[in-house]
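Colleague: Listed below, chain by chain, are the residues.
Number of protein chains: 2
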Amino acid sequence: MPLPDDAQLISVDDHVVEHADVWQDRLPDRHKELGPRVERNELGHDIWHYEGKTFANIGLNAVAGKPREEYGVEPTAYEDMIPGCYDPRERVKDMDLDGIQAQLCFPSMPGFAGSTFFGMDDKDLALACVQAYNDWHIEEWCAAAPERFIPLVLVPLWSPDDAAAEIARTARMGARAVSFSEAPHRLGLPSFNSDHWDPVLAAAQEHSMPLCLHFGSGGVPETSPDAPFAVLIALFGMNSQFTATELLFSPVFRKFPDLRVCLSEGGIGWIPYLLERCDYTWERHRHYLDLELKVPPSEIFRDHIFGCFISDDAGIAALDRIGVEQVMWECDYPHSDSNWPNSRKLLTESLRHLPDDQALAIAETNARRVFSFTGGR
Amino acid sequence: MPLPDDAQLISVDDHVVEHADVWQDRLPDRHKELGPRVERNELGHDIWHYEGKTFANIGLNAVAGKPREEYGVEPTAYEDMIPGCYDPRERVKDMDLDGIQAQLCFPSMPGFAGSTFFGMDDKDLALACVQAYNDWHIEEWCAAAPERFIPLVLVPLWSPDDAAAEIARTARMGARAVSFSEAPHRLGLPSFNSDHWDPVLAAAQEHSMPLCLHFGSGGVPETSPDAPFAVLIALFGMNSQFTATELLFSPVFRKFPDLRVCLSEGGIGWIPYLLERCDYTWERHRHYLDLELKVPPSEIFRDHIFGCFISDDAGIAALDRIGVEQVMWECDYPHSDSNWPNSRKLLTESLRHLPDDQALAIAETNARRVFSFTGGR
Numbered sequence: 004m005p006l007p008d009d010a011q012l013i014s015v016d017d018h019v020v021e022h023a024d025v026w027q028d029r030l031p032d033r034h035k036e037l038g039p040r041v042e043r044n045e046l047g048h049d050i051w052h053y054e055g056k057t058f059a060n061i062g063l064n065a066v067a068g069k070p071r072e073e074y075g076v077e078p079t080a081y082e083d084m085i086p087g088c089y090d091p092r093e094r095v096k097d098m099d100l101d102g103i104q105a106q107l108c109f110p111s112m113p114g115f116a117g118s119t120f121f122g123m124d125d126k127d128l129a130l131a132c133v134q135a136y137n138d139w140h141i142e143e144w145c146a147a148a149p150e151r152f153i154p155l156v157l158v159p160l161w162s163p164d165d166a167a168a169e170i171a172r173t174a175r176m177g178a179r180a181v182s183f184s185e186a187p188h189r190l191g192l193p194s195f196n197s198d199h200w201d202p203v204l205a206a207a208q209e210h211s212m213p214l215c216l217h218f219g220s221g222g223v224p225e226t227s228p229d230a231p232f233a234v235l236i237a238l239f240g241m242n243s244q245f246t247a248t249e250l251l252f253s254p255v256f257r258k259f260p261d262l263r264v265c266l267s268e269g270g271i272g273w274i275p276y277l278l279e280r281c282d283y284t285w286e287r288h289r290h291y292l293d294l295e296l297k298v299p300p301s302e303i304f305r306d307h308i309f310g311c312f313i314s315d316d317a318g319i320a321a322l323d324r325i326g327v328e329q330v331m332w333e334c335d336y337p338h339s340d341s342n343w344p345n346s347r348k349l350l351t352e353s354l355r356h357l358p359d360d361q362a363l364a365i366a367e368t369n370a371r372r373v374f375s376f377t378g379g380r
Numbered sequence: 004m005p006l007p008d009d010a011q012l013i014s015v016d017d018h019v020v021e022h023a024d025v026w027q028d029r030l031p032d033r034h035k036e037l038g039p040r041v042e043r044n045e046l047g048h049d050i051w052h053y054e055g056k057t058f059a060n061i062g063l064n065a066v067a068g069k070p071r072e073e074y075g076v077e078p079t080a081y082e083d084m085i086p087g088c089y090d091p092r093e094r095v096k097d098m099d100l101d102g103i104q105a106q107l108c109f110p111s112m113p114g115f116a117g118s119t120f121f122g123m124d125d126k127d128l129a130l131a132c133v134q135a136y137n138d139w140h141i142e143e144w145c146a147a148a149p150e151r152f153i154p155l156v157l158v159p160l161w162s163p164d165d166a167a168a169e170i171a172r173t174a175r176m177g178a179r180a181v182s183f184s185e186a187p188h189r190l191g192l193p194s195f196n197s198d199h200w201d202p203v204l205a206a207a208q209e210h211s212m213p214l215c216l217h218f219g220s221g222g223v224p225e226t227s228p229d230a231p232f233a234v235l236i237a238l239f240g241m242n243s244q245f246t247a248t249e250l251l252f253s254p255v256f257r258k259f260p261d262l263r264v265c266l267s268e269g270g271i272g273w274i275p276y277l278l279e280r281c282d283y284t285w286e287r288h289r290h291y292l293d294l295e296l297k298v299p300p301s302e303i304f305r306d307h308i309f310g311c312f313i314s315d316d317a318g319i320a321a322l323d324r325i326g327v328e329q330v331m332w333e334c335d336y337p338h339s340d341s342n343w344p345n346s347r348k349l350l351t352e353s354l355r356h357l358p359d360d361q362a363l364a365i366a367e368t369n370a371r372r373v374f375s376f377t378g379g380r
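Here the protein sequences come in this chain order: X and F. Be aware that the first sequence starts at 4, since it is given in the numbering used here, and climbs by one per residue. Be aware that the second sequence starts at 4, since it is given in the numbering used here, and climbs by one per residue.
Any given hint might turn out to be false.
Simulated coverage check for chain X against chain F, where a stretch passes if three residues somewhere in it have a Cβ under 8 Å from a Cβ of chain F [as the list claims (entries may be wrong)]: (1) 73-82; (2) 242-249; (3) 280-294; (4) 308-318.
To be clear, the hints were calculated from the coordinates, so they are not data collected in a lab. Just so you know, even glycine gets a beta-carbon here, dropped at the ideal spot from N, CA and C.
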């Protein structure tokens with residue numbers, strides 16, 4: 004058995020669907036009226052309302068349990084989803100079905116890195132929304148089964164100082180990771196090359212909270228206007244290739260040598276190519292470009308960046324070039340790229356050629372180390 | 004010896020620098036005044052002039068023979084370059100130095116796929132410029148050593164019918180391949196999903212001329228505005244990943260089952276990941292997306308698309324997942340990513356673990372088959 008029966012799978016990319024009262028339960032009274040709330044419309048659809056705007060998709064891509072033929076039909080009401088999408092106790096039952104010990108869950112309505120709140124006009128309300136999400140996520144979702152969830156928090160993207168304070172506040176509550184944008188410059192914010200994010204990066208480093216940069220938290224890959232939607236889906240991992248390259252040549256890890264970054268839902272099979280290409284670029288072009296980077300980018304990667312995959316046999320076959328310690332596994336429940344409830348079976352199959360210790364590192368121990376998570380052990 | 008001493012290296016991506024009289028020698032009299040010509044300015048720089056515009060870089064990135072510390076300094080006059088850049092007889096001597104039998108050369112001033120001419124206001128002049136380039140390339144450059152050069156032609160991107168006629172015209176002159184845009188939609192033209200290009204694709208298929216889609220012929224990867232230039236260089240291969248995915252999910256190869264496409268200067272190490280990801284996407288999402296594609300994208304790839312690399316050990320290590328028949332080698336003379344005059348030595352080193360027949364396929368016989376080229380044998 005390459006993956007021991009007693010291995011406790013840790014999935015580092017799953018998704019919560021926020022229940023209808025997450026914000027109304029927790030926002031200060033002055034913000035309740037404009038803050039997010041769900042209303043059911045005449046078609047029976049549950050719609051988020053905030054600041055006079057509406058957001059029709061309460062459970063984007065929450066298709067777990069449906070046949071593939073129905074994947075494209077997004078749920079329009081809570082009862083269209085299996086309860087594990089929005090109820091942590093039901094989620095745990097679904098994890099048990101699939102042999103998964105713990106999940107790291109990203110938000111739905113707020114956007115993977117909280118870009119919905121970044122788009123709000125009233126930034127006082129927006130900060131309250133970030134904090135309400137984090138409080139709900141830690142005190143209600145994760146607290147329902149602390150051995151089964153790794154708390155992942157949002158930050159106010161518009162204020163690095165407030166973001167640093169929110170990291171410190173949530174760290175005291177038990178948060179273990181920060182969901183941040185993979186490409187802040189694509190949101191109209193300064194890039195990782197600037198000093199703008201130093202307070203955020205310093206706080207993440209100080210509290211040993213990795214930044215999780217989920218695909219789509221900095222836009223989507225550009226396709227031709229008439230390309231089938233499948234092209235966009237197939238290209239998800241491009242974003243992580245861009246982000247990894249930006250980070251490797253940026254000053255981020257020189258300034259914050261203990262900071263760690265996870266490329267969530269980015270895949271891993273491209274990593275050997277990209278690291279070789281980055282090193283080739285560094286070797287040939289650093290002299291005249293006057294690069295500040297004094298070591299090959301691949302060395303920076305191995306100290307700081309983690310690749311995450313749902314299913315990626317090309318990457319598993321090239322583990323020696325990636326580094327076994329740099330790879331973590333994802334279930335992606337309840338999205339359409341997930342293999343739930345057959346994740347454990349398929350992961351075991353995918354890792355069958357590896358030595359036990361390598362399979363265990365990918366399925367469990369790397370994630371425990373990266374997120375300082377001991378739940379279940 | 005994994006690469007036999009008598010292997011004749013065929014490089015499928017190199018670059019010519021057009022000499023100062025290419026267009027003035029060949030344009031009809033009515034077009035000479037506005038057509039491209041070189042003038043030396045007061046700083047001693049050789050500058051292209053056409054249609055009242057100037058183009059300062061006569062030999063973009065033509066740095067062969069310079070130390071790496073000087074790579075960033077683009078040549079500003081012909082005498083800044085080694086003569087092999089613009090003189091085919093000198094080029095052959097440089098190929099002999101490096102143990103290379105033949106090259107497939109892309110243009111410089113016209114842009115890899117002729118986008119300079121696409122940007123001209125006078126499309127009658129522009130067509131004459133395309134034809135003058137092709138005539139020069141075949142009758143002067145390649146004819147100087149027909150056993151050493153594979154003729155690669157441009158087409159008028161603004162007119163599919165004229166482009167088809169130019170393919171037919173140059174095929175009769177011995178042209179073996181067409182340089183086309185990797186992403187025509189990024190030039191403001193219809194995408195590969197449209198029927199717009201059918202005349203071009205039909206002509207390329209009819210004359211067994213592969214389309215060579217060079218990195219940069221459809222824009223450059225988008226980086227953050229303050230990223231070091233190294234990020235852009237490292238990300239060259241992203242363009243080919245986008246192009247491959249667009250093509251695989253497009254109707255192109257269903258309509259033209261004998262058409263072949265080369266991803267020039269795109270690298271190969273990412274191919275196993277991308278094919279697996281495309282197949283995963285197809286497997287899970289084709290039902291509700293109603294994709295017309297009836298076989299996995301990886302099957303389409305293996306019948307139609309060729310990966311090309313300068314140096315790519317990650318790709319060589321994953322050849323079984325790419326397909327040995329799908330890979331060709333590139334020298335990239337005289338650009339800064341080239342290893343000239345040590346290309347053969349480094350390629351031999353890179354292929355040392357392969358069986359002789361696989362090394363020979365990559366270094367020579369695949370390119371001979373794809374381009375129907377027998378020069379030297």
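Colleague: It remains to establish, for every hint, whether it holds in the given structure.
Modeller: Tested hints:
1. Residues of the region 73-82 of chain X with a Cβ under 8 Å from some Cβ of chain F number 4, which satisfies the need for three, so the listed coverage holds.
2. For the region 242-249 of chain X, the stated coverage by chain F is satisfied: 4 residues place a CB nearer than 8 Å to a CB of that chain, which reaches the threshold of 3.
3. Counting residues of the region 280-294 of chain X whose CB lies closer than 8 Å to any CB of chain F gives 12, so the stated coverage by that chain holds, three being the minimum.
4. As drawn, the region 308-318 of chain X meets chain F at 5 residues by the rule of a beta-carbon pair under 8 Å; at three or more, the given contact holds.
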